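K.L.:
What follows is the residue order along each chain.
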Amino acid sequence: MESEELIRQIMAEVMANLGSDQVSFAKKPAAAGAVDASSYPLGERMPEKIKAATGKVLADFSLDKVKSGELTADDFRIAPETLEMQAQVAESVGRDTLARNMRRAAELIKVPDAELLQVYNALRPYRSTKGELYGIAEGLETKYGCKINAAFIREAADVYEKRGRLKVD
Amino acid sequence: MKSKRFEALDARPVNQDGYVTEWPEVGLIAMSGPNDPKPSIRIEGGKVVEMDGKQRADFDMIDTFVADYGIKLDNAEAVCRMDSLDLARRLCDINVPRSEVVQLTTAMTPAKICEVVGKMTVLEMMMAVNKMRARKSPANQAHVTNVKDHPVQIAADAAEAALRGFAELETTVGVARIAPYNAIALMVGAQVGRPGILTQCAVEEATELNLGMRGFTAYAETVSVYGTEPVFMDGDDTPWSKAFLASCYASRGLKMRFTSGTGSEVQMGYAEGKSMLYLEARCLYITKAAGSQGIQNGSVSCVGVPAAVPGGIRAILAENLIAMALDLECASSNDQTFTHSDLRRVARSLMQFVPGTDFICSGYSATPNYDNMFAGSNWDADDYDDWLIIQRDLKVDGGLVPVLEDDVVRVRNKAAKVIQALFRELGLTDVSDAEVEAATYARGSQDMPNRNMVEDLKAAEDLLKRGLTGVDIVKALAKTGFEDVAGSVFGMLKQRVAGDYLHTSAILTKDFEVVSAVNQPNDYRGPQTGYQISDEKWAQLKNIRQAMSPENV
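Residue numbers (our numbering), protein chains in the order written: chain R, 566 to 734; chain L, 125 to 677.
Take these hints with a grain of salt, some might be off.
Now the stretches of chain R that chain L is said to cover, found in silico as 3 or more residues with beta-carbon under 8 angstroms [to be verified]:
(1) 601-613
(2) 618-632
(3) 655-669
(4) 681-690
(5) 695-708
(6) 713-720
(7) 723-733
These stretches of chain L come out as covered by chain R in the derived footprint (C-beta under 8 angstroms, 3 or more residues) [as the list claims (entries may be wrong)]:
(8) 180-191
(9) 209-221
(10) 610-619
These aren't lab readings, by the way, just hints derived from the structure by calculation.
Model, not experiment: these values are computed from the prediction.
C-beta atoms are modelled at their ideal positions from N, C-alpha and C, and glycine is treated no differently.
The shape of chain R in the complex, shown without the other chains (with noise of 0.2 angstroms):
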């Protein structure tokens, strides 16, 4: 688009506006660590203390076992352990919300591909009620163990309540 077309467009688009309304949610706490930054990177200075979600150990890990079969998909996928690991390493070095993060991630391993995509499209303004949003929450925690993750569903829910974000029925 020409750029004088552009800010015609613009100077007759931004009339609008919205209000706020209160919002509030709590906080979560963060776990101690046991490795830090001197042990990284993880992959490369300690391979034999890496193991893939299946169990197996990423020193071991191979192209010919690729080639044979030996190692799979699966195999490539990455341990709560590891990423708690990783979690520790980002507090060592003052990135609590990165920490914070993979500690989420940590718990969505388990979560299969396609019902972690239902939840993030389920998170998306108007896609559910807040029932649903607990539901889900609900769901996670009792499959999955995910204690974290429930807790944001369910802060995210009261949120989108409180500023009208849920679906409509």
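Fit chain L to the given chain R structure using the hints.
P.N.:
Chain L in isolation, oriented as in the chain R frame:
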């Protein structure tokens, strides 16, 4: 009478660009807007009860998310009370190390950090970027796309871009359903050019995640966030959905960064009367709060908006700087075309090129502009020599290295042959010898034969249905005899088991060693510190094919 001087000026490319005067009420102001909130923070019982003049009762979704997750609270009230001019001086002072500055900046509110950078000239901001960039060494990223979605050309262009020095490559699609083809062609082609290149395919969020889960991409970038709630809703996401998406990527061992930029809110019509930089600062705090390791920012695809207002290019540098000050990886845009003027496009890029960023462009078009499916780039394949010679002129490492024609032809040819063999082995559509030949020597898709798109789309959909993964690609490559490429794709897949490249500003060397802000943090403290171009690197950068030497005269 018409002035001949003005007649000539009117005909200049710069006068084909659009400009507007400031209009703060609708957000058409770069930074330091009259309606931007004044910095404030009040914490009670470990909870933010007031931020930037707003009480918690009045918080919108973004305020809540930022206040509860995005600010280091221990020191926040004290930092907010500090003189912003003094803080601005620390940002660009060579005697104050990055690690000390980060303690201050990550405790600031969005309005506070805007006030601080608002005190700085572009030169001071560039000094600050030099110090605040998270990774010690700068790097660059390229776009690899074409209007035909031609997979053989994507592979060849990827191989060439990798050889030329880009650390990351990004593709996207003309037709959405072809995404698996483009992602595979990009990944495999890149590994032919230089092992360890990170690749991504920018498509709709859920599809992009799916491609990553399968092992067709190593990272994602187009996870967009916005600075006002209505625009976030228009973007069909919330801070919570985006934070969840960030965790989804990490759960599959995939690198990920968010994307934002000045001008998006005004372009989408909901700037709420705030300056572009203030709204972008909110995006950066959302990014930080969500636990993303980094951001692609610098207006990105909205660059026409800040570029039209006074100080807009300064604001773009300021937003890059804020990202770095929040300890985020920064892929600093310099991508979408915004001007007809060659002078303007260079001036805009010098802001990031001279100090260096984690990825100076995000990205530089590895094709001629007509093939760039991200609406064109400020830099493209036809500018390769300009970029290299500017590096040489200024002794700056802008992420590219001079290459020889023979080497480019060799890697393009190999990438095309690998795709031909791989597609055959995987039972995908045929790649002819004529296509391999064309891709080897092509400048762009105008030099490529047309493909049967219907068949390609069918095959791309079918490979998803068959459940094809990166492991299948490794096996197929090994079977076709391209053992080295199989080994490189295997090396990429291994990264997701260790997760080291999930950390801030991570890239991989050709030996699959991770280089990030964890093991190579920026330690700049003035002349002869921080990233220095080694003698070996300088010899490489100096050595352009066009230079005459006494021996060849």
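K.L.:
A separate judgement is required for each hint: does it hold in the structure or not?
P.N.:
Evaluation of the provided hints:
1. 601-613: holds (count 7)
2. 618-632: holds (count 5)
3. 655-669: holds (count 12)
4. 681-690: Coverage by chain L holds here, the residue count being 8 at a Cβ distance below 8 angstroms.
5. 695-708: Contact hint for the region 695-708 of chain R vs chain L: violated, 0 residues under 8 angstroms.
6. 713-720: holds (count 4)
7. 723-733: holds (count 4)
8. 180-191: Coverage by chain R holds here, the residue count being 8 at a Cβ distance below 8 angstroms.
9. 209-221: violated (count 0)
10. 610-619: It holds: at least three residues are needed, and the region 610-619 of chain L offers 6 whose Cβ sits within less than 8 angstroms of chain R.
Taken one by one, the earlier hints fail for this structure at numbers 5 and 9, listed in ascending order.
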